[in-house]
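J.: Once you have looked at the hints, place chain B on chain A.
Residue numbers (the numbering used here), protein chains in the order written: chain A, 3 to 360; chain B, -4 to 321.
Bear in mind the hints are in silico, worked out from the structure with no lab data behind them.
Here a beta-carbon is modelled for each residue, glycine too, at the ideal position from N, C-alpha and C.
One thing to keep in mind: the hints can contain errors.
Unchecked claim - BS3-like mimics (lysine-lysine), calculated; alpha carbons at most 25 Å apart, straight line: (1) Lys357(A) to Lys275(B); (2) Lys248(B) to Lys316(B); (3) Lys275(B) to Lys349(A); (4) Lys316(B) to Lys210(B); (5) Lys283(A) to Lys302(A); (6) Lys302(A) to Lys35(A).
Said to hold, decoys possible - Partial list, derived from the structure: chain A residues whose beta carbon lies under 7 Å from chain B: (7) Arg118; (8) Asn121; (9) Pro134; (10) Val143; (11) Phe147; (12) Glu174; (13) Asn177; (14) Met178; (15) Pro329; (16) Pro330; (17) Gly331; (18) Phe334; (19) Phe336; (20) Met337; (21) Leu341.
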Amino acid sequence: MSIHQELIIEASQYLDTNGALLKPLPDVFSDNKLITDLYQALVLTRLFDETAINLQRTGIIGTYASCRGQEAIGVAIGHAMLADDVFIPYYRDIAAQFQRGVLLEEVLQYWGGDERGSNFSQQVNDFPLCVPIATQLCHAVGIAFALKYQSKPNVAVVTCGDGATSKGDFYEALNMAGAMSLPTLFVINNNQWAISVPLERQTASPSLAHKALAAGISAVQVDGNDLLAMYINVSDALEQIRQTGNPFLIEAVTYRLSDHTTADDATRYMSQKALTSAKQKEPLIRFKRFLAEQHSWTDKEDQTLYQQCQQQVDTAVEAYKNLPTQPPGEFFDFMYEQLPGNLVEQKQEFIDGLKRHE
Amino acid sequence: MNEWTMIEAVTHALASQLRENPNTVILGEDVGVNGGVFRATEGLQQEFGEQRVIDTPLAESAIIGMSIGMASQGLIPIPEIQFMGFIYPAVDQILSHAARLRNRTRGRLSCPMVIRAPFGGGIHAPEHHSESTEAIFAHIPGLRVVIPSSPARAYGLLIAAIQDPDPVIFLEPKRIYRDGKQAIEDNGEALPLDMCFTLREGIDLTLVSWGAMLKETLQAADLLAAKGIDAEVIDVATIKPLDIDTIIDSVNKTGRCIIIHEAAKTCGVGAEIAALLVEKIITSLLAPILRVTGYDTVMPMFQNEHFYMPSTERIIKAATKSMEYR
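Bound conformation, chain A alone (with noise of 0.2 Å):
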């Protein structure tokens, strides 16, 4: 028997809810350009949110998983990754497809019902959405595995909600990360609801950052509405993961501001105290505050940026309404790498069904 120490967990803000600075900024951020490609990822992120659930409204795409309060979180973690680290992304988490090069309409055509939207054109190596919950976690171990086993100085990069936190493979995948030494950064998206379920319901653990501490993983819980925090502890991070090869995990507390899902109906459950007070303190009120406080940023190219984000998702829409069916018959041709004969007989007898119809 030994005493074991304390088990803290840090918290981690730069930005109060108003976007005053809490503290002096590290110096990667006297890069303007990176400051001002950080709030454009997230200007982009919620018009295409709201513009995905206006499409869901009028039948273009299918259910949609709005991310709505919580861009932050994935902005910072795909601009931090490098090219060559490996993403693995729960179903709320395209601010961080966007910037790992996923296209906008590769997106909505996976809410639309087209597997073909998770054959990325870049980034290869990234996984789709993971719709079952905390899975993506494990798979996430094997990847930084591979990594590792390859030589190769990345990390596989892997998210989740507070609710998957709950589930064996979150710990399962923990303890695997943490006894194999393998460079994998786990991030918590904290948003306080799992459906309808809040945190407090979820676990009696003080935090979801101590779930790591029995692991033997490193944890920081970090502001996830506070975009300079966020982008500095990922980035930190993954630096470390790096050096030391050992897996880290990131909470990042934010607030879902959006239903589930376009099929849900949080006022069922959700206080509208709650969700106003909610609202004050979220990302993208709070970063442009910070942009006119230091950066001078005016309301006329606030408007301009706001424009420009919203002509790039309208181009996306355009491009995903044009995008040509599948083939008849195609959901056949990818169940294995050949296909075997009861497949080949069964996709026969689809198309000369199709043939009879016309």
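T.: For chain B alone, kept in the frame of chain A given last:
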């Protein structure tokens, strides 16, 4: 030529592929220093090192989930699940991800991996160590399910499974792991992954089985021959995709078919074979297709497992019944 038991054939097949391809990695519980609880990976960690033959934490879902991640990035993982009865925590990973990764990325990512697991009863093992649930996996699109029934087929089919670009569930009938030796050339040659093996030719009726049950099935064929009934015996071997054509050819010839498997009867793989025969060659049938299988009960603990598993007598009884139809 080497004289190997099935377990030795498995070890040598693994070694041949580890030697052949540096991206091949074995992982699982006790597979390293201990060489596996059945010694399937005996000596492999010493030969190939701890990075390629890995003792993992005790976590089946993570072992398979991790293998999926490895496979997606160019490795060929060969995870071992210690007993089939312990595969269920990993079923989500197998069904939701391993079986679907190629399709859901339209071929961008794939999942070449072989999940090995000993299965079946008859070794007086504790509770949960004797199940035969191959039908669960055979039902899932995107998987291959392979079951060898001899040392030579274990060697050739395991090599084929490792070289296959898609996920394979490779179930090893542990009752016959050490049930006799066979001469095998360690030449790294694969057997076809989508073909039944006709183990005995005959004209009167077709006995279809796989895995350890072929032992009783072949014994029954010998005893039937003594009674003047000439049975053909087919080892299905590749449960999925199923080579129904070989079975059809045989039943077209004999007109009678008995399917023998250790797994429970309802919705077993036998039901699929029977359905396909009825769909495709009902007019060739001279008698109803009969199944001799485990019962629709929980696999009994070992005091009663011999009552559960199909016996030579039950096979002969079914064959006799089939022959009575004129």
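J.: Now, for every hint given, state plainly whether the structure supports it.
T.: How the hints compare with the structure:
1. For the hint linking Lys357(A) to Lys275(B), the alpha-carbon distance of about 23 Å falls within 25 Å, and the restraint holds.
2. Between Lys248(B) and Lys316(B) the alpha-carbon distance is near 18 Å, which keeps this suggested pair within the 25 Å criterion.
3. Taken as a hint, the Lys275(B) and Lys349(A) pair is honoured in the structure, with Cα atoms around 17 Å apart against an allowance of 25 Å.
4. In summary, the hint linking Lys316(B) to Lys210(B) is supported, as the alpha carbons are separated by about 21 Å, within the 25 Å threshold.
5. Proximity of Lys283(A) to Lys302(A) is assessed by CA-CA distance (about 23 Å); at most 25 Å being required, the pair is judged to hold.
6. Of the supplied pair hints, the one linking Lys302(A) and Lys35(A) holds, its CA atoms being roughly 18 Å apart against a limit of 25 Å.
7. A hinted interface residue such as Arg118(A) counts as satisfied when its beta carbon comes closer than 7 Å to some beta carbon of chain B; here the least separation is about 5 Å, so the hint holds.
8. Interface hint at Asn121(A): satisfied, since its Cβ lies 4 Å from the closest Cβ of chain B, which is below the 7 Å cut-off.
9. About 5 Å separates the beta-carbon of Pro134(A) from the nearest beta-carbon of chain B, less than 7 Å, and the hint is met.
10. At a threshold of 7 Å, the smallest CB-CB gap from Val143(A) to chain B is about 5 Å, leaving the interface hint in force.
11. Against a cut-off of 7 Å between C-beta atoms, the interface hint on Phe147(A) holds, since the closest Cβ of chain B lies about 6 Å away.
12. Annotation: Glu174(A) was flagged as interfacial toward chain B, and the flag holds, the nearest CB pair being 4 Å apart, inside 7 Å.
13. The interface hint given for Asn177(A) holds, since its Cβ lies 6 Å from the closest Cβ of chain B, which is under the 7 Å cut-off.
14. Interface restraint check: Met178(A) against chain B, minimum CB-CB distance 5 Å, threshold 7 Å, status holds.
15. Taking 7 Å as the C-beta contact cut-off toward chain B, the hint placing Pro329(A) at the interface is violated, the least distance being around 11 Å.
16. Against a cut-off of 7 Å between C-beta atoms, the interface hint on Pro330(A) is violated, since the closest Cβ of chain B lies about 15 Å away.
17. Nearest Cβ of chain B to the Cβ of Gly331(A): about 13 Å, over the 7 Å cut. The hint is violated.
18. The beta carbon of Phe334(A) comes no nearer than 9 Å to any beta carbon in chain B, farther than 7 Å, and the hint placing it at the interface is violated.
19. Using the Cβ-Cβ criterion of 7 Å, the hint placing Phe336(A) at the interface with chain B is satisfied: the shortest such distance is roughly 4 Å.
20. Restraint check, Met337(A) versus chain B: the minimum CB separation of about 5 Å is within 7 Å; hint holds.
21. For Leu341(A), the interface hint is violated, the least distance from its beta-carbon to any beta-carbon of chain B being 9 Å, above 7 Å.
Of the numbered hints listed earlier, those contradicted by the structure are 15, 16, 17, 18 and 21.
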